[in-house]
Structures are given as structure tokens and as C-alpha cells.
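Engineer: Sequence:
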Amino acid sequence: MKIEVEELCRTPDEAWEKYLNSGRVCLPGSARLDKPVKKDAVRFVCIADTHEKLGKIMGRIPPGDVLIHAGDLTNFGDRHELIKFNDLIGCLPHKYKVVIAGNHDLGFEDCEDLSRRGKSYRDRGTSEGYKLLTNCIYLQDSEVKFIAGIELVSWVHRNVKTEEYNGKGGANRKNRQSEERICFQLYGIRIYGSSWHPLPGYSFSRDRGQPLLEKWNAIPEGIDVLVTHSPPLGHSDNFKGTHWGCSELLNTVEHRVKPLFHVFGHVHEQNGVTTNGVTTFINASICNHALDPINNPIIFDIPLKDGVSKI
Numbered sequence: 001m002k003i004e005v006e007e008l009c010r011t012p013d014e015a016w017e018k019y020l021n022s023g024r025v026c027l028p029g030s031a032r033l034d035k036p037v038k039k040d041a042v043r044f045v046c047i048a049d050t051h052e053k054l055g056k057i058m059g060r061i062p063p064g065d066v067l068i069h070a071g072d073l074t075n076f077g078d079r080h081e082l083i084k085f086n087d088l089i090g091c092l093p094h095k096y097k098v099v100i101a102g103n104h105d106l107g108f109e110d111c112e113d114l115s116r117r118g119k120s121y122r123d124r125g126t127s128e129g130y131k132l133l134t135n136c137i138y139l140q141d142s143e144v145k146f147i148a149g150i151e152l153v154s155w156v157h158r159n160v161k162t163e164e165y166n167g168k169g170g171a172n173r174k175n176r177q178s179e180e181r182i183c184f185q186l187y188g189i190r191i192y193g194s195s196w197h198p199l200p201g202y203s204f205s206r207d208r209g210q211p212l213l214e215k216w217n218a219i220p221e222g223i224d225v226l227v228t229h230s231p232p233l234g235h236s237d238n239f240k241g242t243h244w245g246c247s248e249l250l251n252t253v254e255h256r257v258k259p260l261f262h263v264f265g266h267v268h269e270q271n272g273v274t275t276n277g278v279t280t281f282i283n284a285s286i287c288n289h290a291l292d293p294i295n296n297p298i299i300f301d302i303p304l305k306d307g308v309s310k311i
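Take 1 as the starting number for the sequence shown in the numbering used here and just add one per residue.
These aren't lab readings, by the way, just hints derived from the structure by calculation. Treat the hints with care, as some may be off.
[Said to hold, decoys possible] Capping the alpha-carbon separation at 25 Å, the derived lysine-lysine pairs in DSS-like fashion look like this:
#, residue 1, residue 2
1, K84, K95
2, K131, K53
3, K258, K2
4, K95, K35
5, K97, K305
[To be verified] Listed next, with one range per pair, are the computed distances between beta-carbon atoms:
#, residue 1, residue 2, range
6, D87, H255, 40 to 50 Å
7, P62, R10, 20 to 30 Å
8, S115, E214, 12 to 22 Å
9, S22, G90, 16 to 26 Å
10, S30, G118, 34 to 44 Å
11, K240, D40, 22 to 32 Å
Every residue, glycine too, gets a C-beta built ideally from N, C-alpha and C.
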């Protein structure tokens, strides 16, 4: 399905009012932390916007199989903070840690036009800083951008080039060329990550409308877990009475991709869970606007598919 640019994309409040009047749904969801980890399901633990405060919440991060961090690991992408983050995340017990960048992780955007950054940020950050993240899986536009010490198996499936971690540590690697998009799988669960957002002056910023829609058009259909830094319009995206989410991202999620879960952050004051009845939307922001790490992680489970084991 082709997604068109929302005519009100540059006035998100008006766009959201239009959507509500047309019957769009945004209902509260649940975010319990006391559910036991099941053998027949994959436990995801979600955080975002830790802003160099990961060390202060280590004891509050519950166990699970996969940890997702939806961006803003740092305040400015400084090298020493990235090394610190990498050391800390490596201490967590989760078998897999999946990370995307946020707008504050300066330097992570390849071939970035620095003239788009705010003047005070142009000399900040670490070019290719994601290469310092040796203790996690870094995703950008679904590419497995950087994984240290992980063997990948690649193949073409449903016209989409996918890359799956060979959990058995096998040495075989299948390389087939495809011009299609790339997605990533853990336990047979398809995961896609993208850092783009509409806030000017930072890395990964693009204008609302067609420029952002072109980024969202890269998301393959059939994704189980979508991870973005930006929220979709209307779901946990309100800051001081104004919606910050992206209408093109919402329409991509609701009309084309339809993931089981959409994990994001960026809007610090809106940590929580909502649903439209098809997708569960999770704002996993840890820090509030003052950068105090007051919010808890959010968990969810996906049942294992037949023939798939966590062992």
C-alpha cells in the first residue's frame, strides 16, 4: 500500500484532531514489570532516552531475552560517554541488546550534512560512534549496521533481504545479493530500527512530509517489532500540549507495516503504552525533561514460533 503525505503534516495537532474525528483509535495499554519470564515466549525489555544515566537505572532493568534501547544513549555523542554506555550495557544479563541512535547521538548519521545541525552542535559527537558499541546490536534503517563478534546468516525472503543471528555460533554465512530492504531477526522475530525524526538541528533530522516519508517507506512489511526514535503522531507524543509525533510514521505503521509492537522514545514526559487494537505502541523514555531517570523500563512478550527455541 502506498502511503501519501498528510496534507496537515506540518501542523501535527490539526492532523491528530482530523484523525480522531475520522475514527482513529488510541487506547491506554498496560506496562507491568512483575510478569515472570516464560520459556515459550521472548521477553523484550524496552528503554530509551537514558542520556548518560544508564548507570543509575541498572538495578531497575528487569531480566529478559532482548533489551531494546530506542535512542538518545548520550547527550552529545561524546566518545567517552559512548565507551561508558558500551561498558554498562555489556554488564546487563540480556542475551541480546538491540540499540538505535537518537537525535542526541551526534555523529551516528553517516554522510551527515553538518549544516543542518544547530551551530552549537556542529563540532560535537563522534563520527561512526556506533562502532564503539561492541556489546550490542546497532540497527539503522534496518541494516545490521554494526555487530561485534556475531555471525550472521543472510537470505532472501519475501523479496526482502534479511539477516538472522546464528545463535549456534556456526561459521557458515550465506551471501545473496538483493536490492530489497534489510530486516533483522532474533528467535525468528523480525526487528527493524530507524533513527529519523522531525526535530531540526540534530543528527537524523528530516523535514516533515515527503523527506520523512521516504525514510519510512524503507520499512518492510511484516515486521514484528519496529524501533524508531520518533513517536508516531498521537501515541505518547504530547509535550506541553503539543503533538511531536510524525503523521507519515503513524500512517506507515497503521496502514502498511502493522507491526505487533512499535517501540520509541524522544518525548520524555510520555513514558507509557497505548494501542490501536492492532499495534502496541511503547514510549520507553527513561529520563524526564530535566534528564532525571525517573521512569521504569517497559516489557512485552512475543510467543516463540513453532520449532524455535531460546536454547
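Engineer: All hints are to be evaluated individually against the structure, with a verdict given for each.
Structural biologist: Hints, one by one, checked against the model:
Between the alpha carbons of K84 and K95 the distance comes to roughly 19 Å, so the proposed pair stays at or under 25 Å and holds. A distance of roughly 20 Å separates the Cα atoms of K131 and K53; the hinted pair therefore holds under the 25 Å criterion. Among the hinted pairs, K258 with K2 is consistent with the structure: their alpha-carbon atoms are about 14 Å apart, no more than 25 Å. Between K95 and K35 the alpha-carbon distance is near 18 Å, which keeps this suggested pair within the 25 Å criterion.
A C-alpha spacing of about 21 Å is found between K97 and K305, which places the hinted pair at or below 25 Å, so the restraint holds. The hinted window of 40 to 50 Å between D87 and H255 holds, with their beta carbons roughly 41 Å apart. Distance hint check: the CB atoms of P62 and R10 are about 39 Å apart, inconsistent with the given range 20 to 30 Å. Between S115 and E214 the beta carbons are some 20 Å apart, a value that agrees with the proposed interval 12 to 22 Å.
Between S22 and G90 the beta carbons are some 47 Å apart, a value that contradicts the proposed interval 16 to 26 Å. In this structure the hint that S30 and G118 lie 34 to 44 Å apart at CB holds, the actual value being about 38 Å. Taking 22 to 32 Å as the suggested C-beta distance range, the pair K240 and D40 does not conform, at roughly 43 Å.
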